[in-house]
Each structure stands twice: as structure tokens, then as C-alpha cells.
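Asks: What follows is the residue order along each chain.
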Amino acid sequence: MKLLTHNMLTSHVKGVIKGYPLLIKATEVKMNEVEFNPQFVSRMIPKLEWSALVQAADELGQRQDLPSEVVPDYEKDEEFLKKVHRLLLEVEVIEGCLQCPESGREFPISRGIPNMLLSEDEA
Amino acid sequence: MMEEAASQLERDHVHSVYDKIAPYFNDSRYKAWPKVRQFLLELQPGSIVADIGCGNGKYLHINKEVFKLGCDVCRPLVDFAWSQGHEVQMCDGLHLPYRDGCFDAVLSIAVIHHLSTKERRIRAIKEMARTLRVGGRIMIYVWAMEQKRRKFEKQDIFVPWNPNPHSPRRRAAAQSVSEAIDNTDKHRKVRSTSSVADEEDLTCATPQQRTQRLWFFSRSLDSVFDFGSLAISRSSSRDLSTLSSPTGENEGNKASQRGRGRGLIKQVSSFFSPPSVIGSEEDVFDSVTDPHKGQNNPGGNNNNNGTGNQSVSVSLAQECGSLALPDLVPFQKEHLKPAGDESGRAPQGGEQQESTKSPRGSEGQVEGSCLRYYHVFREGELAELIEHHVEELHVKHTYFDHANWCVVAEKVQLWKI
Numbered sequence: 351m352k353l354l355t356h357n358m359l360t361s362h363v364k365g366v367i368k369g370y371p372l373l374i375k376a377t378e379v380k381m382n383e384v385e386f387n388p389q390f391v392s393r394m395i396p397k398l399e400w401s402a403l404v405q406a407a408d409e410l411g412q413r414q415d416l417p418s419e420v421v422p423d424y425e426k427d428e429e430f431l432k433k434v435h436r437l438l439l440e441v442e443v444i445e446g447c448l449q450c451p452e453s454g455r456e457f458p459i460s461r462g463i464p465n466m467l468l469s470e471d472e473a
Numbered sequence: 125m126m127e128e129a130a131s132q133l134e135r136d137h138v139h140s141v142y143d144k145i146a147p148y149f150n151d152s153r154y155k156a157w158p159k160v161r162q163f164l165l166e167l168q169p170g171s172i173v174a175d176i177g178c179g180n181g182k183y184l185h186i187n188k189e190v191f192k193l194g195c196d197v198c199r200p201l202v203d204f205a206w207s208q209g210h211e212v213q214m215c216d217g218l219h220l221p222y223r224d225g226c227f228d229a230v231l232s233i234a235v236i237h238h239l240s241t242k243e244r245r246i247r248a249i250k251e252m253a254r255t256l257r258v259g260g261r262i263m264i265y266v267w268a269m270e271q272k273r274r275k276f277e278k279q280d281i282f283v284p285w286n287p288n289p290h291s292p293r294r295r296a297a298a299q300s301v302s303e304a305i306d307n308t309d310k311h312r313k314v315r316s317t318s319s320v321a322d323e324e325d326l327t328c329a330t331p332q333q334r335t336q337r338l339w340f341f342s343r344s345l346d347s348v349f350d351f352g353s354l355a356i357s358r359s360s361s362r363d364l365s366t367l368s369s370p371t372g373e374n375e376g377n378k379a380s381q382r383g384r385g386r387g388l389i390k391q392v393s394s395f396f397s398p399p400s401v402i403g404s405e406e407d408v409f410d411s412v413t414d415p416h417k418g419q420n421n422p423g424g425n426n427n428n429n430g431t432g433n434q435s436v437s438v439s440l441a442q443e444c445g446s447l448a449l450p451d452l453v454p455f456q457k458e459h460l461k462p463a464g465d466e467s468g469r470a471p472q473g474g475e476q477q478e479s480t481k482s483p484r485g486s487e488g489q490v491e492g493s494c495l496r497y498y499h500v501f502r503e504g505e506l507a508e509l510i511e512h513h514v515e516e517l518h519v520k521h522t523y524f525d526h527a528n529w530c531v532v533a534e535k536v537q538l539w540k541i
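Sequence order for the protein chains is D and Y.
Counted the way the working numbering counts, the first sequence spans residues 351 to 473.
Counted the way the working numbering counts, the second sequence spans residues 125 to 541.
Keep in mind the hints are simulated off the structure, nothing from the lab.
Just to be clear, a hint being listed does not mean it is correct.
Claimed, not checked - Below, computed lysine-lysine pairings styled on DSS-like, alpha-carbon distance capped at 30 Å:
#, chain 1, residue 1, chain 2, residue 2
1, D, Lys-352, Y, Lys-188
2, Y, Lys-250, D, Lys-364
3, Y, Lys-159, D, Lys-397
4, D, Lys-426, Y, Lys-188
For reference, chain D alone in the conformation it holds in the complex (with noise of 0.2 Å):
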């Protein structure tokens, strides 16, 4: 699981309100290389939930100096972007879970997929 597409999950259990972000722990994270192509990075800024991204790199150790805001301008800025570019597509967590923050509901992730499935009675 990519940082950019825990970005964009959340707990769905019945009755959750606050499900998102979810808390990643995770027992295992590669690194792998994935080409740099800074548009790509710009045009998905302004598309992620900029504080679940610093509060996943936090609990990942890969923080870093990543800012807990956006810098402006960040279109033009390549350091920026590549360390963006690194958080969301270059980390990888391949064991683990993610937790819903507000019910505690642990949601596997298994060989790099998280398994979001509910059972009948949290749905």
C-alpha cells in the first residue's frame, strides 16, 4: 500500500464518524523506485488530505523534513516535490495494519493489500 492511496482510505465501519485517517502500523515497508515526473506530483497536491500524509510519514519514520503545510509556490519547487514524490508513491507498506481512529478496528494489510472487507455486523 502507497502512501497516495492511504491517503484517500477510509474506516467505513457503521456508526464511525471521524474514520479517517486511518493510524498505519506497519511491520514491514520496502522502498522502491518509481520515476520522478514533478507534473504528476503538482497535479496530485492539491488532491491529498495534505495532514493525513505528515501524520502517515510520522508513524512510518519517514517524515523527514517534509513541512506540516504546503509551501506555496510548490509547482516550481523541486526539492519539495521530490519529497513528495517520495512519501506517496515510493514507500510501501507491505505488512501491517491500519487502524479506524475512532472504533480502534483493526484492517489488515497483507502481501502489500489492505483488506478493508466489514463484517455483517459492522456494516
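Since the structure of chain D is provided, determine the placement of chain Y on it from the hints.
Replies: Using the frame of chain D, we list chain Y on its own:
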């Protein structure tokens, strides 16, 4: 209660089937529909797209400029998509784990026809609409009831799985599943994308290959739970007629094959008819009509007209001369009691389940238990569903593509006062 029956049906005849047949999905039969490819290629660079019900991920590699993710309930298929380098999750279409408005586009290709009630199909569309941003677009493909060369008689059907559509069966001709060749069906060109709705299914018969396709129709779950008309549980006497002898095939054991077939249908359909709603399972599911006297009837002729809808619970497609389920016969030989027993036979829930799991040659093992449930859509049905029940989507295009009805719709802002 209906929810339970619906989920159960989908578990047995969608999810568990795909789990079993997943390994067979990954061959060259399964190509991307060109118009879907086009939809993806036309997206603005930097878009985020979700393929809901992505299967083996065949659309997830298209267009490097956009971020794609996919999800499905079928673990083996999702695993395969992952192995191809795609971002995928397990989830079910009625409960999408994505925040509101996070996608620029959504695909739903040959997915919602597996949902067994209208209400669930609407819910699935609404869920996808929820995850779309305003201005974002969704493309939905569903199997069409109206096909180029034939028309399904009913909208709610079970379709047997055929893992080897190109190769002739190695069984006796009488038992082989073959595809009836219409009298009018002269040109069998690109059969793989032709009338049978889904590129996954059958296809490419060589002229030498005669195949017969079997569809099993069942009553729509929606009608089973129509409390206003409980009287429909009693089948008309017309429907109770036994099958005429199959024309020229299945020399031996016709009766036993009929019995087995009926028993199986009873089994697979049994959960739609809880005794409290329908008088007796025997009445509803013991009746089979033979819509046609012979094979090779071209699409138009249809003994089983609209009136059949109310009381006929299970019927065979026009090309089938017999109720025998060739795919299933080898299975049933081992695991069902002899035909004579059938009248006294209670639904064999556990037993039947077991039989589908027992090992055979790989082909037999997969086929015998693999009936996929589909609700095939009439012309206009999908667009109407959206127009009447999903106000947050505006239908932009609707068209027929090979054997599918297709809709492209746009998410709109709803203003509530």
C-alpha cells in the same frame, strides 16, 4: 431478510465462484474493452481513478499519467493484480473504504450485474458516486439482456463457467457443453468479443465445434420478496410439465439427468425461497419449462413469454434441448443420490456444498460448482436506475458495446435547502 438472501446468493454464486476460477482469468481471453481504454486515456494527467471490481486488474495499467487503484472482493484476483504492480485493496462495492469526493473518475466494468437486487445495485452506484468529486465521471458496463444474436429470456440468470471455450470437451458428445449455432449465425468472426456479454465467457467456436450454452434462469430476488403477491409461489400447471425428451442427445439416463439437474437447481436456488415466503420449495423450483422443442431456434421464437415471468421459476435458454447439465453431470454422479429419489429429497445444503469442493480433474472441479449469478439489464434500465435513484449523477452517454449496456455519468453538486 432480503439483505441476507441477497448476500448469500452473491457469496455462493459470485464471490466463491470467482475465487475458484481466478486462476483461469489470467489468459489472453481477457482483454480490455476499447471504449473503456479510451475513457481512461482521455483523463486529464494527474487524475486519480478507481476501478471498483477490478478483478485481475486489466485496466490498471492503462495511462501512466493518472494514478489508478483497484479493489475487489476476490482475493486471488486482487493478488494477481498486485503482482502486476498495481495498488489494490480488498473491499466490497456496497461499502467503499474511500473518502468522499476523492476520485476524478471511477470504473465499474461488468460488476454491478452480479448484485442480486435492484436496491443493492442502486446502493453500489451511490457508493461510487459518493467517492467521485463533483465534475468527475463514472463509466459503468453491465451485461445486456439483448444480445446481437439472441436475447436472454429472463433477467436473472445463472451462467455456468467454461474454463476452456476454445477446446472441445473430452467427454461424450451427449455430455459436452456446446454452443448452439444459430441458423442465422454464419459469421463467427471475433467471437471473443461477441454476443455473450462478457469477453470472459465462451466464444470462439470454430465451425467444427458445436457448443451449447446453458443458462439457468431464476426468479429475481426482488420478485421473490414481493409480499404483495405471495400467490405467485404456486406454479401454474403449464410449468409443472416435465421436460420433453431431449432431442437426440443424452441417450442414457435422461430421467436421472433431469432429476439431478433439477435437484441442483433446487439447491442453488433454495435460498431465495425461504419456506415462510414461498409455500413450498417443491412448487417453485421443481418446475422447469422447456421453451423450445428443438435446438437451433433463432432468437425470435420464444414459447416462454412474459407471462412466464410470474410463475416460472427456472427455465432453460432456448438453445438447450435438455435439462441435462453436462458440466455438472460428472460431478453429480458421484455426489447425488440416484434420480428416483428426487421427489423425497430435501434440499441438500451441506451435501451439495461438499460435492462442489471435492477434487476431480481440474476442469471438472471448477465447472461443477461454478454458476455465476447475473442480473442482465434491459435497454435503458441502467440509465433509468441512475436517473431515478441517483440524483448526484447525471447520465452523459449511454450506448451498447458488444454485449453490454454502458453508461457514462457525471457527478453533480446537489443543492439542498
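Asks: Each hint needs a verdict: does it hold in this structure or not?
Replies: How the hints compare with the structure:
Restraint check: the Cα-Cα separation between Lys-352(D) and Lys-188(Y) comes to about 16 Å, which is no more than 30 Å; the hinted pair holds. Simply put, Lys-250(Y) and Lys-364(D) have alpha-carbon atoms about 17 Å apart, close enough for the 30 Å limit, and the pair holds. This hinted pair checks out: Lys-159(Y) and Lys-397(D) have alpha carbons roughly 27 Å apart, not beyond 30 Å. With a C-alpha separation of about 22 Å, the suggested pair Lys-426(D) and Lys-188(Y) falls inside the 30 Å cut-off, and the hint holds.
Violated hints are absent here; each numbered hint is respected by the structure.
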